[in-house]
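Based on the provided sequences and hints, a complete structural model is requested.
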Amino acid sequence: MCLAVPMKIIELKENSSGVCELESIHYDVDLSLIETTKLDDYVIVHAGFAIEKLDIAEANERLRLFAELAETYHDADNT
Amino acid sequence: MKYIDGFRNHLAAKSITGDIRELAAELLRQNRESRIMEVCGSHTMSIARYGIRQILPGNVRLISGPGCPVCVTDAAYIDAAIELAEKGIQIATFGDMLKVPGSSKTLADARGSGGQVHVCYSPLDAVKLAERNPDNEIVFLGIGFETTVPPVISIIRKAKAENLENISLLTAFKLVPPALEALAEDKDVAVNGFLLPAHVSAIIGADAYRSFVDKYKIPSVIAGFEPLDILLGIKELLEQLAGGRAELVNQYARVVKKQGNRIALNLIHELLEPADASWRGIGTIPGSGLALREEFSDFDASKKFHISTEGGEPDPRCRCGDVLRGIIFPDECPLFGNVCTPLLPVGPCMVSSEGSCAAYYKYSR
Amino acid sequence: MNNIKRILLGHGGGGKLSRDLIDREIVTRFGTDGPLVGLPDGALLQVGEETLVFSTDNFVVNPLEFPGGDIGKLAVHGTVNDISVTGGVPRWLSLALIIEEGLEISVLQRILDSVKEAAEEIGVQIVTGDTKVVARGQCDKLFINTAGIGRKIPELNTGVHRIEQGDIVITSGTLGDHGMAIMAARENLTLNNDLRSDTGSVYRLVEAAAKWGNRIKFMRDPTRGGIAAVLGEIVENSSFGIILKEEKIPYNPDARAVAEVLGIDLMHVACEGRMLLICAPEIAEKIIKTWRTFPEGADAGIIGEVTDDIGRVILETQIGGRRMVDIPQGELLPRIC
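Chains as they are written, first to last, in this note's numbering: chain A, 1480 to 1558; chain B, 145 to 509; chain C, 62 to 398.
Keep in mind the hints are simulated off the structure, nothing from the lab.
Check before you lean on any hint, since a few could be wrong.
What the hints assert, rightly or not - The list that follows gives simulated cross-link-like pairs (lysine-lysine, DSSO-like), each with its CA atoms no further than 27 Å apart:
id, chain 1, residue 1, chain 2, residue 2
1, C, Lys193, C, Lys177
2, B, Lys304, B, Lys448
3, B, Lys146, A, Lys1487
4, C, Lys66, B, Lys506
5, C, Lys306, B, Lys506
6, C, Lys350, C, Lys272
7, C, Lys278, C, Lys213
8, B, Lys506, A, Lys1517
9, A, Lys1517, B, Lys448
Here it is in structure tokens:
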């Protein structure tokens, strides 16, 4: 349950809504469930609503971990 | 799609799978089997989509629990929605519900016979429908877990702001923590690890599971839905099992906070109150549902149209309950693949594309 | 299928329901012998010394005009492509219109201009047709049927029966663009028009491949039901299976983005300007190289091969797992779960 996708906020509108972007596609997203959002924040979008912010530092940390695992595996594979 | 693709890296997956194999071998030496239940349909779907079962060792079993809100919707609820459609009321629903069988028909059948059933990506599409059709009644089918509840009930906030009186919700919301309790209490369910939902947890917060883990001492990990998230979650559960620990670990900290989403939780609290709920195939779990508070009765379709969503007779041959509780695997159900198929499903596990049996049918046969 | 008493929307979805309908109602009546056997995209007809290819298609789309094209373009490309993948050079088309009362003339004009432009670009001639108008509500703005005749390319001899283990599966480009563009436009899901339909003709790719003659085993354009439908159908009752490598399948990032949001599998989604080709292994790279010189073949690539896993289409997933690819079961629905 809960198909949700990370998107970047590219425009803030009134009544707590905004425009978000994934690749070059733009979506109307309701932001009323999130505190203080600003441009370039990433949010997790479910059924047209942002349900939480994506913590970029944490996300990048995870990506870094996975990239490292990939590299060590690749090296081990090649030795 | 950096924050999606980065979590699907092939080599990283191989690395983690290697670790999983080592841990599984260790468990084998201890003569133990890991039985991990994922309680979220999105996990079931992801595991099936990426073929994760195929790369796990034999003594690591993934069991799909009742985390599919479509699966656990009572037949009577579908019957009620169909009845409303047949009365000329416009039904707005998420696509997932269209092919769920009630006692005898689906909403797709009702649409085929002339009922007005609109598929929506977002609940706000239903509000637009109500704005465009002031002379018609619109009912939105409010099914879902804690992730979907705040978006759906936002319909009420919007409707009030615009003085719309022609829209209401037929609700069948369910809560995950009470279901986890019921599973842990159930003697037939033999699970020694939980993969906890990503986005339900984003709403309710990691702390919502603390007392559950403390009481039942079952290793539990909150994991995202991407394949690397899942593999890492499985690895953590194996480590805990091998080491004799039982802790709650939040591996989806990039989204899930300890206290959850306050605004969403407040909205839920403002409009809804806990209620008993009937889980198709399992039965009633006390306090596992949410009902609209009295002051919002105008937006409660069951009250507005005097229609009940309880009762209804599921097919007596249906073993979905046993599948949902992880007691049998889909292919151990006598109806699987012959009488019950995605094209002609008997029970909800085969209907929803994320239902245990549908996912199994599509990906594992 | 026994309990189903009325036609469902899914019967037109190109998936299993559609197949069942056609098997039970059409094949039983018309397809037991003659050109219709095996339901090829086009019929092969012998006229004296010549072989002609004959094909027809109905075009029903909402909205009529969408990013990347319109129903007029679809109507030309669709039939041209059916003729092409059957191994013919398309020459003549019929154009039949069913118009709903109340349709704006300016819309009709734009669509017809589109038909003209597409036909001229390809070099096919509109030679006959019909126009009907029905009362408001009796059709959804505009339905088009085109039927086409082409001349068979003698060097090409394709069909499911020619496929052998070890053969290579190739796509001419990214998959699922059309279906996603339509869904996004129809649901008013997206605010910009970057996701465009891939509607276009593939006849130049077929002509370019013709020089490899008998080493081209099979061709089809993946319309409704996507590549899952095409490949799922050809392995049924056959002596082979197919394995696809997810990492190799080309997808437009924007189409992927919309598919992720709606929870849709792009392998189930229609294309209207793409083709799949199965060939002998030694010429696969050569075909790719040739195709990539055409704009419509810019993203051509090998996506899999033919195996001895009889009757199954398997996907080797991005992370090294494996799963089956099933023929889609009816209409595509967005999901939130």
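Hinted pair Lys304(B) and Lys448(B), Cα distance within 27 Å: Status holds; Cα separation ~16 Å.
For the pair supplied as a hint, Lys306(C) and Lys506(B), is the alpha-carbon distance within the 27 Å limit? Measuring from Cα to Cα gives roughly 17 Å; hence the hint holds.
With the threshold set at 27 Å, check whether the alpha-carbon distance from Lys146(B) to Lys1487(A) stays at or below it. 11 Å, holds
Hint consistency between Lys193(C) and Lys177(C) [alpha-carbon to alpha-carbon, up to 27 Å]: Cα-Cα ~19 Å, so holds.
Restraint check for Lys1517(A) with Lys448(B), where alpha carbons must lie at most 27 Å apart: 40 Å, violated
Is the hinted pair Lys66(C) and Lys506(B) satisfied, with a Cα-Cα distance of at most 27 Å? 26 Å, holds
With a cut-off of 27 Å on the C-alpha distance, tell me whether Lys506(B) and Lys1517(A) pass. 41 Å, violated
Would you check the hint for Lys350(C) and Lys272(C), treating anything up to 27 Å between C-alpha atoms as holding? 14 Å, holds
Can the restraint linking Lys278(C) and Lys213(C) be considered satisfied, given a maximum Cα separation of 27 Å? Holds, at roughly 15 Å.
Checked against the numbered hints listed earlier, the structure breaks hints 8, 9; every other hint is satisfied.
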